[in-house]
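FYI, my numbering numbers position 310 of the sequence shown as 1035, with every residue one higher than the one before it.
Mixed in with the good hints, there may be bad ones.
Stated by the list, open to error - Pairwise CB distance ranges, derived in the manner of DEER restraints:
#1 Leu957 with Phe801: 31 to 39 Å
#2 Pro1066 with His954: 46 to 54 Å
#3 Leu957 with Pro738: 43 to 51 Å
#4 Pro964 with Asp756: 44 to 52 Å
Unchecked claim - Cut-off 20 Å, straight-line C-alpha distance, at most; resulting in silico cross-link-like pairs (EDC-like, lysine to aspartate or glutamate):
#5 Lys828 with Glu861
#6 Lys803 with Asp853
#7 Lys1124 with Glu1158
Please keep in mind that the hints were generated in silico from the structure rather than gathered at the bench.
All C-beta atoms in this analysis are idealised placements derived from N, C-alpha and C, irrespective of residue type, glycine included.
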Amino acid sequence: MSISGGQVFAKTPIEVFKQASKSVVVIKTYDDKGKLLSSGSGIVLDREGDVVTNYHVIERAATLVVVYDSKEYKAFPKFVDRIRDVCSVKVPGLGAPPVLLAKTSQVEIGSTVYAIGSPMAAGLTFSDGIVSSLRETSGGHYIQFTAPISPGSSGGGLFDQEAQLIGIPTYFIAQGQLLNFALPVEWIVDLPNRHYVQVTSEPGVKRDDEYQSQALALEEKEDWLAQIHLCLRWTNAIPRSVRAWELLGSAYGNNGEFGKAIEAYRHAVLINPDSAQYWLELGLLYGKTVQPVKQIEAYRMAVRINPDYAGIWYKLAVVYRDALQFERALEASKAVTRINPAHVSALMIQAYAYGKLGQPSRQIDAYLQAIHIDEYSADAYVSLGVAYGNAGRKEEELKAYDQAIRLNPNEGSALFNLGHYYLARGNREKGMEYYDRLKPVDPELVRIFFDDLNYRVYPETVNKG
């Protein structure tokens, strides 16, 4: 790792990308159960396999994996500066070409810069912009720039026109506005010294650990107000602590203050936009505050970060279904069954969406597949009966409702549909028998029973996630 001191001729954007991208890697983090937590980017510093990234990228990881040239390498934390949000990891056997470092003192406002990262681990992205502001800080300058960056680009690189690294892109928020900044490249050089100081005497790091221990103890006691007050002091003392914002959001949510919980988690994703869990929490909170558009956006961010998270795909399918976006509900539910083919609830959404999209044969097939997996699902049989009825297959409709009643004699939707089935065919005695059985089971269905005898209802679980 070396810092360039001389000026050379500017390269073309293509030349900058070809040279600099060779030193950019993807960093994936996993919990202790092997579940993907997030992905970010990193920059290769030397031939020994040292890679620099933002600390928040690896903060909660039990296992680190670096991806370079389609190969995966185990990685291990080396130097950490939690206060500046910079760290390095050691990647044995990596062998990627190292980057050349510039100095932020050489950077001028208005100069062209290039951002390279790997958002969502989906391949390298390259964007250009200009330096819009320089803010002096200890050991260098914060660089505010206009080149767009996406979640997952944290830990990537900001390069000058000579393909030299000048900073590590990250996010800040000022007066509600999202701003792109780069941490100064000098902090990378200073990282080993800062690491040794912090592990021996830095009070800020110790306070961070102490705050976390106290907050977790209050969380275990379910003392939400005390946890909120503690975490507010914590975020004021260490505003870049993503764990502080996370535990503040959790406490607000548990205390029923969903609006404040949303603001806390929004701070968390600004610091670490590559955490699928934070986006999931935001999605859940947007659901509780009836903001379906933002809920969908949050869930989509989560599955972009971790496309194999079946639980979030399912929640996304439910929101799309409830928003009457049946094509997208179908797409999301298929993503669930791609990961878990035996996910009955996702198959039920698939079938329901097929019905709404005018594809009765596929609807019936999906319900049959759900029943093949769970032959004791009364809801699946009722839904299959509705699908058969809509397709004009009346005998099979009746058999499906009868099977639902055998599985659950108090299945309200089956009783309702059977009553309608017989009354519509002139069998008043049989129809009223099911009506009488429905009365103690579901007063709401009783209230609408005689409105339209051709109407069929799905089980409540089909319409609610």
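Results for each hint:
no., hint, in the structure
1, Leu957 with Phe801: 31 to 39 Å, "35 Å, holds"
2, Pro1066 with His954: 46 to 54 Å, "47 Å, holds"
3, Leu957 with Pro738: 43 to 51 Å, "45 Å, holds"
4, Pro964 with Asp756: 44 to 52 Å, "25 Å, violated"
5, Lys828 with Glu861, "13 Å, holds"
6, Lys803 with Asp853, "31 Å, violated"
7, Lys1124 with Glu1158, "17 Å, holds"
Violated hints for the displayed structure, listed by number in ascending order: 4, 6.
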